[in-house]
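> Fit chains B and C to the given chain A structure using the hints.
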Amino acid sequence: MAPRYAPSLRSRLAPLLLCLQTSFIVLFCFFTEIQKNNFTAWFFSSLPGFQDVNVMLFLGFGFFFTFPVRYGFSATAFTLLVAVVATQWGIILNGLEPHRGKIKISLKSLVEAELCTASAMISIAAVQGKTNPVQLVLISLLEVSGFILNKWVLQSLLKVSLLNSIMLLHIFGSFFGLLLTWVFYRKGCELQFEKEKYDQKSGLFSMLGTLFLWMYLPTFNSVLVDDRIPGRKLKAVCSTYLALAVSAVTAASMSSLCHPRGKVNMTQMQQCILAGGVAVGVSVSGVQHPWEAMTIGFTAAVIATIGHQYLQTQMLHGFQCHDTCATLSSFGLPGLLGWVAHLLLEIRDCDDQTTAIRFAVFHICSLLITIALSLSTGLITGLLLKLEVCRRPPDNKCFDDQVYWEVCHVQLYRCFVQFLETQLKIFFYFTVSSSRGKKVRT
Amino acid sequence: MAPRYAPSLRSRLAPLLLCLQTSFIVLFCFFTEIQKNNFTAWFFSSLPGFQDVNVMLFLGFGFFFTFPVRYGFSATAFTLLVAVVATQWGIILNGLEPHRGKIKISLKSLVEAELCTASAMISIAAVQGKTNPVQLVLISLLEVSGFILNKWVLQSLLKVSLLNSIMLLHIFGSFFGLLLTWVFYRKGCELQFEKEKYDQKSGLFSMLGTLFLWMYLPTFNSVLVDDRIPGRKLKAVCSTYLALAVSAVTAASMSSLCHPRGKVNMTQMQQCILAGGVAVGVSVSGVQHPWEAMTIGFTAAVIATIGHQYLQTQMLHGFQCHDTCATLSSFGLPGLLGWVAHLLLEIRDCDDQTTAIRFAVFHICSLLITIALSLSTGLITGLLLKLEVCRRPPDNKCFDDQVYWEVCHVQLYRCFVQFLETQLKIFFYFTVSSSRGKKVRT
Amino acid sequence: MAPRYAPSLRSRLAPLLLCLQTSFIVLFCFFTEIQKNNFTAWFFSSLPGFQDVNVMLFLGFGFFFTFPVRYGFSATAFTLLVAVVATQWGIILNGLEPHRGKIKISLKSLVEAELCTASAMISIAAVQGKTNPVQLVLISLLEVSGFILNKWVLQSLLKVSLLNSIMLLHIFGSFFGLLLTWVFYRKGCELQFEKEKYDQKSGLFSMLGTLFLWMYLPTFNSVLVDDRIPGRKLKAVCSTYLALAVSAVTAASMSSLCHPRGKVNMTQMQQCILAGGVAVGVSVSGVQHPWEAMTIGFTAAVIATIGHQYLQTQMLHGFQCHDTCATLSSFGLPGLLGWVAHLLLEIRDCDDQTTAIRFAVFHICSLLITIALSLSTGLITGLLLKLEVCRRPPDNKCFDDQVYWEVCHVQLYRCFVQFLETQLKIFFYFTVSSSRGKKVRT
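Protein chains in written order, with the UniProt record's numbering: chain A, 1 to 442; chain B, 1 to 442; chain C, 1 to 442.
Isolated chain A (complex conformation):
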């Protein structure tokens, strides 16, 4: 099967990537300009933040996806590829100033583009392992376009701030991914894929990625917070940190409570400890006190774990959604919770009722627009990529590096040698004992 399937990589992936890359270079050549004014202060305080987001995107997500036993190379390398293409596309779309025909580049626009890419990564989490790299690249391009369209609609129609509109990335990404995986559903996949399990080492690699995501989420949530108002960035960092702490504790306890024999499921815990940070990220401009962040973190982790335990199989059997990394319960539900928390917190802080109602209406509209856009773009993307031309990997090649990667069979070779040794010993043993047997018989 492999020799018949693999060439698709060469015949489709390489030309696609090279064409994309060349056109990006041409676009950058004619339209970009580096923005120079008034960045020095922001630049030096943001350079470490930029590096942290970098680490989350390329290393964090890359290793977050490595838990299937034989999927390590694809998880890390395709994530790198996809993230890199999506970020370049994000820089172009984000910096576009249509009236001037120019694309602005600054450290801030790089960071913004990386946050958009994070949204694409969340979508990809839902279809990881069941798609080929060509599909992954196209998904990320369409997702980033959809997300930036959504951001633009929210900003121009509802006057939502940059921070609030970008932080909806978790909700957008997860609903996009969900519709994608629903469209991509394969018959007969109600059972778990054969190679979707994790072993001790692949679970540890995945833990490494999760920890990088977990540790740098405070930076992720605060990197776009305006630091000219003193204390706002500090508040964002502290809130996210405490919410993450609470959600780690809660996810571990809930995972143990849900298990029939009281054990903890490693991937479940990994996918749920991020919930608190996600929820606080969505509501970051509304949270005023640490305990609010902690309560949000607690609730988010409870919802995520219960969702992971019961909703995931329900989605698979009831709605035919095979959600590889539990995107709905890890990012979607906590994101929605954060949205609700933001609404409640802002209404509490409003002085008069009119402002409160006004805010609520705008807030609800922004959610509805986001979900509508994410579902519709997800549907379009899914239908486009389901076409025969994309050549999805066959069922028995899902979650397998061997299709795309040159894998040396060191392990297999060793097993073979060992087997031969065993056989030799058996032959020797048999010969000896049969000759003995003869002696005895004679």
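Derived by calculation from the structure, the hints in this document are not laboratory data. Treat the hints loosely; a few may be bogus.
[To be verified] Derived lysine-lysine pairs resembling PhoX-like cross-links, with alpha carbons at most 20 Å apart:
#1 A:LYS201 / B:LYS197
#2 A:LYS397 / A:LYS386
#3 A:LYS386 / A:LYS197
#4 B:LYS187 / B:LYS397
#5 C:LYS201 / B:LYS201
#6 A:LYS201 / C:LYS201
#7 B:LYS201 / C:LYS197
#8 C:LYS397 / C:LYS187
#9 C:LYS386 / C:LYS187
#10 A:LYS397 / A:LYS197
#11 C:LYS197 / C:LYS386
#12 C:LYS397 / C:LYS386
#13 B:LYS386 / B:LYS187
#14 B:LYS201 / A:LYS201
#15 A:LYS197 / C:LYS201
#16 B:LYS386 / B:LYS197
#17 B:LYS187 / B:LYS201
#18 A:LYS187 / A:LYS386
Just chains B and C now, kept in the frame of chain A:
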């Protein structure tokens, strides 16, 4: 055995964690306030430092403990859990202002709480693998309480500076852990535990954690150094960096010299390359010249390696202390060396004899108080947690993930398939050769 | 063989390292002084950069070399050792002020020393696995001396700026390493070494190291860029980031195009995604627009992948150079490309022809001097270290941890147990069936 032992996780860990977490949230709700004044400058210069300490605590220590072959999940995930609970507790105790009934939170108080948690991590290093997560959480809570009590006593009684009192964390942590492991001693454990060994991959994971601890120790030692006096922070960074460099070289050479066939022991090297940074950390406010730091680093690595080689078995057989990560020689002895170096360096810099004697008396008192408090709190903690109610893992379940984690038996399954294949071939071979044998005989 | 070979570590490595370390401490004791004036601003903006370079050097390169199946311990630990020795030596040589007899230390001199060490790491990449740690330490010392000599010659003879002279580190390192591996050539090594292959886990560890190198290259290239002229550092960061992005995409496509069945080779991709960053690093002071950096990144990745695919075997068979990590195509050729790009970009920006010609002459001279010095010092180093006294590892011990490290045979032990079980079953089976056979026969 597993089905009978595992439920303890659900029946004890989950309720304990959920209760703790809820009460933390309540405490934060009624008593905390974010400190806003005069932090902006410190905040922006410290945010990267905060992230680095974060990485050390969650990733560094987590992977530092992964060297036993089957202990990866427990090492990383329980470290995360314990660190997260201990840090919240540390924030509460550190920020407590009893006269106002308020708990202050700032980035500095988060960093301080993380340093206290590092002290708990060092204690836990001594009992890692032989305790269950319930015990680990309780140990960390009591250790952090003890350490903050010690800090408070030193600061109010002896007017020790914040930096110097916090940097005794290595000494406090290691003596606390030592008494703990002495109390927890199991009969018949003079021999190494069966699963305590490392293999090639688990040794590499552990190297990853060690490298993160090693690389970020300069930040760890300098994060609380007052940066209003120019040059002090630079001095702390350079000193720690050079001491670590020297101690890496020395630890490798000494490890090779100690080995009967001149080889290097990986875990020994891992646990000793940190010694220089630990020693310089304790004496950080006294070190003036790079060569002093380097000499301290050299001596610390020599002491740590020799301690690891000869003292560890001595402790096991003579004093019945099974010290999993060699806490005494990796953190305790280098810490004491740093204390001595600090004493000598400060006395040398004193102008008159009176000040010198005065300093020496105060310095010696602070060590005695620290050791006394660490030993007594360690003893109390050990006796409390030895009670039947905590249900220690049985000997054959030590250093084993299987007790607490849902582990997929991919490896085992493959072995089984391979075994079946071998059997089939043998059967085939036997049938053929016996029929041939018959022919020959007939 | 092992017991006869291993003692060389004790009898040579430990004394060498201890002597070196002691003399370094003595040198630091009598000659160094910490530079205090006018560093505060630079210090705080550079501390995170210093940590990032640290991570690249110790973690990035360490894990970059782990791809051979059984070479993990040596790769990470020897890299640490070598880097630490070389950095100390670099600090001494870099800070030396001969007229005052003093060695200056500042954060900047530490960073400079680390960049020199990076050059040594690139050289070592070419001979990794075929040398013992004694040789590695000596290579790094001689390489750093040669590189600093080169830097001094360029700066004093041709008035090349510090940044431009240091950024030639890729070219210097790779040609030094190439000559080294040519001198070290072993007869009969036209075939790949038996243990040079990678498996799934070692490939993932190597990916981890590569990702750290990849993610922090923007910092690496910009850390020495003067930040007093606003915008220059931003330009360096953005350029490197975009070049790396482009080169990741291009390397993956080219690797798939080069493969007969369209698959991607993991180590090839790993070693080629860095090419863009390397090339932009060399031309960092000439690049003005993002698209220039992206074009450089594209070309660098194409050259590196093609070089890796065709040049490496050519070098092995034609020139007897066994280049372990493809230093020539990963660092050498992209470095040369960067040099050409720098020349073209600077000439384009020149106002009159005289300046352009003058610059070209100086630029060509600086390359010729660098290559001449790297080749000659590489030759001398190679000849010195080929002497019998260094005791190179025998062919069958190349790429093997077992020679230098105490490795627990957990895997082997398990295989043995499994084998015994199989044997028992066979014995049982044989007895039963032979008795049955007897019955049948009787």
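> For every hint, state whether the structure bears it out.
The hints, checked one at a time:
no.: 1; hint: A:LYS201 / B:LYS197; in the structure: holds (16 Å)
no.: 2; hint: A:LYS397 / A:LYS386; in the structure: holds (17 Å)
no.: 3; hint: A:LYS386 / A:LYS197; in the structure: violated (26 Å)
no.: 4; hint: B:LYS187 / B:LYS397; in the structure: holds (15 Å)
no.: 5; hint: C:LYS201 / B:LYS201; in the structure: holds (8 Å)
no.: 6; hint: A:LYS201 / C:LYS201; in the structure: holds (8 Å)
no.: 7; hint: B:LYS201 / C:LYS197; in the structure: holds (16 Å)
no.: 8; hint: C:LYS397 / C:LYS187; in the structure: holds (15 Å)
no.: 9; hint: C:LYS386 / C:LYS187; in the structure: holds (14 Å)
no.: 10; hint: A:LYS397 / A:LYS197; in the structure: holds (14 Å)
no.: 11; hint: C:LYS197 / C:LYS386; in the structure: violated (26 Å)
no.: 12; hint: C:LYS397 / C:LYS386; in the structure: holds (17 Å)
no.: 13; hint: B:LYS386 / B:LYS187; in the structure: holds (14 Å)
no.: 14; hint: B:LYS201 / A:LYS201; in the structure: holds (8 Å)
no.: 15; hint: A:LYS197 / C:LYS201; in the structure: holds (16 Å)
no.: 16; hint: B:LYS386 / B:LYS197; in the structure: violated (26 Å)
no.: 17; hint: B:LYS187 / B:LYS201; in the structure: violated (31 Å)
no.: 18; hint: A:LYS187 / A:LYS386; in the structure: holds (14 Å)
Comparing the model with each numbered hint stated earlier shows that hints 3, 11, 16, 17 do not hold.
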